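Student: Listed below, chain by chain, are the residues.
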Amino acid sequence: MPGRVSLFVTCVVDQVFPRAGMAMAEVIGGLGYEVEFREAQTCCGQPAFNSGYHKEAAEVAEHFIRTFRDATDYIVVPSGSCTSMITHHFRDLFPPGSSLREETEYLAPRVFEFTQFLTQVAKVEDVGARWDGVVTYHDSCHALRELKIKDAPRLLLRNVKGLELREMGAAEECCGFGGTFSIKFPEVSGGMARTKIESILATGASTVVSIDSSCLMQLQGAIDRVKAPLRTVHLAEILASR
Amino acid sequence: MTAREEVLDGVRKALGRSAGQAPAAAPEARIVIPEIDVERRFTMFSERLELVGGKTYRAADLDAARAITVEIMGGETGVASNAPLLAQAGITGLPGVATGFMDEAALRAACAVTPFGITTADYALAETGSLVTRSATEARLISLLPPVHIALLPISRLLTGLDELYTRIPLPSEETASMVFITGPSRSADIEMILVRGVHGPRVIHVIVVNNI
Amino acid sequence: MLIKIEQEQSIRKTVADPKIQKAVYSATARLKEKRSEVVSPEALPEYQELREQAHRIKRHAMENLDYYLEQFEKNLTAHGGKLIYARDGNEVADFILNLAKERGVNMLVKSKSMTTEEIHLNERLEHHKLETVETDLGEYIIQLAGDRPYHIVAPAVHMTRQDVGEVLTRTLHVERSDVPEEQAKIARVTLREKFLAAGIGISGANFLVADSGAVTIVENEGNARLCTTAPKIHIAVAGMEKIIPRAQDLAVFLKLLGRSGTGQLLTVYTSFLSGPRRAGEVDGPEEFYVVLMDNGRTKLLADAEKRESLFCIRCGACLNACPVYRKIGGHNYPGAYSGPIGAIITPQYAGVAKDPWLPFASSLCGACAEVCPVKIDIPKILLSLRREVAEDNAGEAGSPMERTAFRMFAWVMRRPKLYALGARIAGKFAGLPGLTSFGPAAKWGSTREVPRPAAKSFRDQWRDRRKGAR
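Residue numbers (the working numbering), protein chains in the order written: chain A, 427 to 668; chain B, 12 to 224; chain C, 46 to 515.
Please keep in mind that the hints were generated in silico from the structure rather than gathered at the bench.
This structure is a prediction, so every number in the text was calculated from the model and none was measured.
Any given hint might turn out to be false.
Unchecked claim - With beta-carbon atoms standing in for the labels, derived distance ranges:
| # | chain 1 | residue 1 | chain 2 | residue 2 | range |
| --- | --- | --- | --- | --- | --- |
| 1 | A | Lys574 | C | Glu147 | 56 to 64 Å |
| 2 | A | Arg430 | C | Ala487 | 49 to 57 Å |
| 3 | A | Pro535 | C | Gly467 | 28 to 36 Å |
| 4 | B | Val81 | C | Lys58 | 53 to 61 Å |
| 5 | C | Ala349 | A | Val652 | 41 to 49 Å |
| 6 | C | Ala349 | A | Lys574 | 56 to 64 Å |
| 7 | A | Ala654 | B | Ala123 | 22 to 30 Å |
| 8 | C | Asp133 | A | Val652 | 16 to 24 Å |
| 9 | A | Asp577 | C | Glu220 | 55 to 63 Å |
| 10 | C | Lys146 | B | Val81 | 20 to 28 Å |
Cβ atoms here follow ideal geometry from the backbone N, Cα and C, with glycine treated the same way.
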């Protein structure tokens, strides 16, 4: 067995997009990894962190650390944003030298976003999936800019049989979600989603793929509102389809 | 307390520094001069200048440079700067060319009505297609007020780019009150991003690169 | 309250205005594209290295600012210029007004300067009957229209050529033209007279070079050259953060500035000016002043992390990259600076309590930091300002309601069983009419359909699968 993977499915996937989480588990399990899910897990704390509540964010982060501190081998996450919260921002929550800071530094290199895990750890580019249709890929901001994930998801998509990947002009433009921003500034956030949808439609693709469920939640909400002929799907679901 | 003292004190307090304290070691300046031979420099320069709307000529010598100038001017008047090279080329002696201005009012009056301003350039930068003019040798208004600017450039003054220039002249203000880089004709895209040339400065720029000097 | 009602309405109006949306989106798209072309690895392999170096130099200059200010002053003075320290905008205006009075000047020309926008210099001078004429084409149109700049490098980006035609005809009584070339000509003819008649030329400064005592100004039209050449007196007004140590450092900054701002390798004109005209020079100003302004900058300097905000070289690349700026435009930002850089500078100058919503008007997408030529970590500073707002109870963030909500969030998230139960309940009741008609769901629902929690969460599905496997 190549190793043990502990899933951190994120609160959005857990509650709104469980399919994406199940698909991720299936793909990773299919590669021979032992997959576990720790039921004590909840959230990474990013909503509080991004809203200025460091104390509250630190409490949630501490819970994450306690939940996963003894996870062996890898922790894999179906979200670039939550991964980045753990690997890039947890350390801002704890003072240097504190035990939680040390545990953060210990955990961070074990935490991988799903496509990072596939291409960097499992070293697979073709998971043997089949998915018929034309898709376009939306770069989620934190995956792209903080984790530098750009090629991996595209590579994985190109190797899916029956799938055609078309690049959109505004692939790297934000969908407008931004956590509480989407509620604090609904017009702006919704407007950003509509701009994104225009770019998606221009490709002729019927499906937009992302590695972040929160972007998909935002885009699907806007797609349904404007009744665009599009659907959103998490990359894991494509990779799990046969 | 004067404004000066208060501002400087405030800055020091903010930084935790004291008056007269030496600065931390500055990061080394980044100067990288590429090796580009003179022909390639000329090609680069003219390509870059043409991309931004300027024209480049190559003259075998000063006589040829004068001939090109005459052709560009097409019999109209011009104002030439007091740079010695223009006199050497015989450009200052051309019919219709006014030169030798030592009085600002007269220079302004002449530049305000003439179609051509003729200067030299102290240096040029191949990487960007820029001319470098300095007020120590060139009156500023001649390359600014007339709608067409003609500049003579000795090919030996054609440098690779900014890095080489700042190596030759690490402290420009020691020699001149004003140093200006001119990269193509005056332009604006302030209205609907539509390019307009010759907004306040010249709308046309001709650079005559002179060999062997 | 997160945001004033008028502000919210104004933002909504801009987002819903197809004319402005199109103008701003297409102009910023064009600037973005031009920038990407000239900083691509093929066009400029050393781009990242230049950014690193620019960041290093700015950091060093800011950390040793008092030293470089004095060095700048010494060198400027040696070349016959004068340095005036100004604590705030009033002192800048007072200096100019007094000098104008002493020299009998009643008209001055100005080239584009964000620093003077910051202190509303024109209004102050005009109030004292000193005619102040903007000469950058975009700024001139804005001034004639009685408007304010929309973008750091493209002030009239929100106006169409028809808008410009209307403004020129109405204010200058010229024949109407909607052709930019003709419009520029009208401005040139009108302004040429002003240049030659003005007693004082005011410019900003892109860089103050300490080892040379020189002011560096970049521009495309030639109006800044005229402002600093034709009048007998040149006054450069600059924030003190414009200091860089050496002329040689310009080799780095100039390569970044034009490329980042407008996609140019260099702008058409780059002026490096030190002191009045010298013996033997035929033209140029006879008096040369640099007014060095603090106006709150010391406050920014004191915070080691937020100090980075002062590294900005005002290229405007972050505005073009910012999806929020591109939606809400330049006028919805309070203060002179719009876009991501405005969102971090303005609250620091004015205090976070004044417009507490500003640091929250960002999806934290990071596009700004990605294009910043001096590598200012804008999202990080936004986060830090958000924290300040929350901790100072300054806005909606920090309000008892929001604070309670996040306390509850943290409380629940540390109690997995409770969290799971909550999810199960949410799953059951999802889709009940009325649930989405108030609170955050209603806000979300104003522009998008509200997502429904899954009938069965991942954890429940996982548990079921385990049971089934057993």
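Student: Determine whether the Cβ-Cβ distance between valine 81(B) and lysine 58(C) falls within the hinted range of 53 to 61 Å.
Tutor: Holds: the Cβ-Cβ distance is about 60 Å, inside 53 to 61 Å.
Student: Can you let me know if the beta-carbon spacing of aspartate 133(C) and valine 652(A) is within 16 to 24 Å?
Tutor: violated (49 Å)
Student: Does the Cβ pair alanine 654(A), alanine 123(B) satisfy 22 to 30 Å?
Tutor: violated (60 Å)
Student: Using the Cβ atoms, figure out if arginine 430(A) sits within 49 to 57 Å of alanine 487(C).
Tutor: violated (44 Å)
Student: Verify the CB-CB distance for lysine 146(C) and valine 81(B) against the hinted window 20 to 28 Å.
Tutor: violated (50 Å)
Student: Per the hint of 56 to 64 Å, is the separation of the Cβ atoms of lysine 574(A) and glutamate 147(C) within bounds?
Tutor: Between lysine 574(A) and glutamate 147(C), where Cβ atoms are some 59 Å apart, the hint holds.
Student: Does 56 to 64 Å hold as the CB distance between alanine 349(C) and lysine 574(A), or does it fail?
Tutor: At 27 Å between Cβs, range violated.
Student: Tell me if the beta carbons of proline 535(A) and glycine 467(C) are separated by a distance inside 28 to 36 Å.
Tutor: The hinted range 28 to 36 Å holds for proline 535(A) and glycine 467(C), with Cβ atoms some 32 Å apart.
Student: In this structure, is the beta-carbon distance linking alanine 349(C) and valine 652(A) contained in 41 to 49 Å?
Tutor: Given a distance of about 46 Å, which is inside 41 to 49 Å, the answer is holds.
Student: Can the suggested window of 55 to 63 Å be confirmed for the beta-carbon pair aspartate 577(A) and glutamate 220(C)?
Tutor: Holds, since aspartate 577(A) and glutamate 220(C) (Cβ atoms, about 57 Å apart) stay within the stated range.
Violated hints, in rising order: 2, 6, 7, 8, 10; the structure is consistent with all others.
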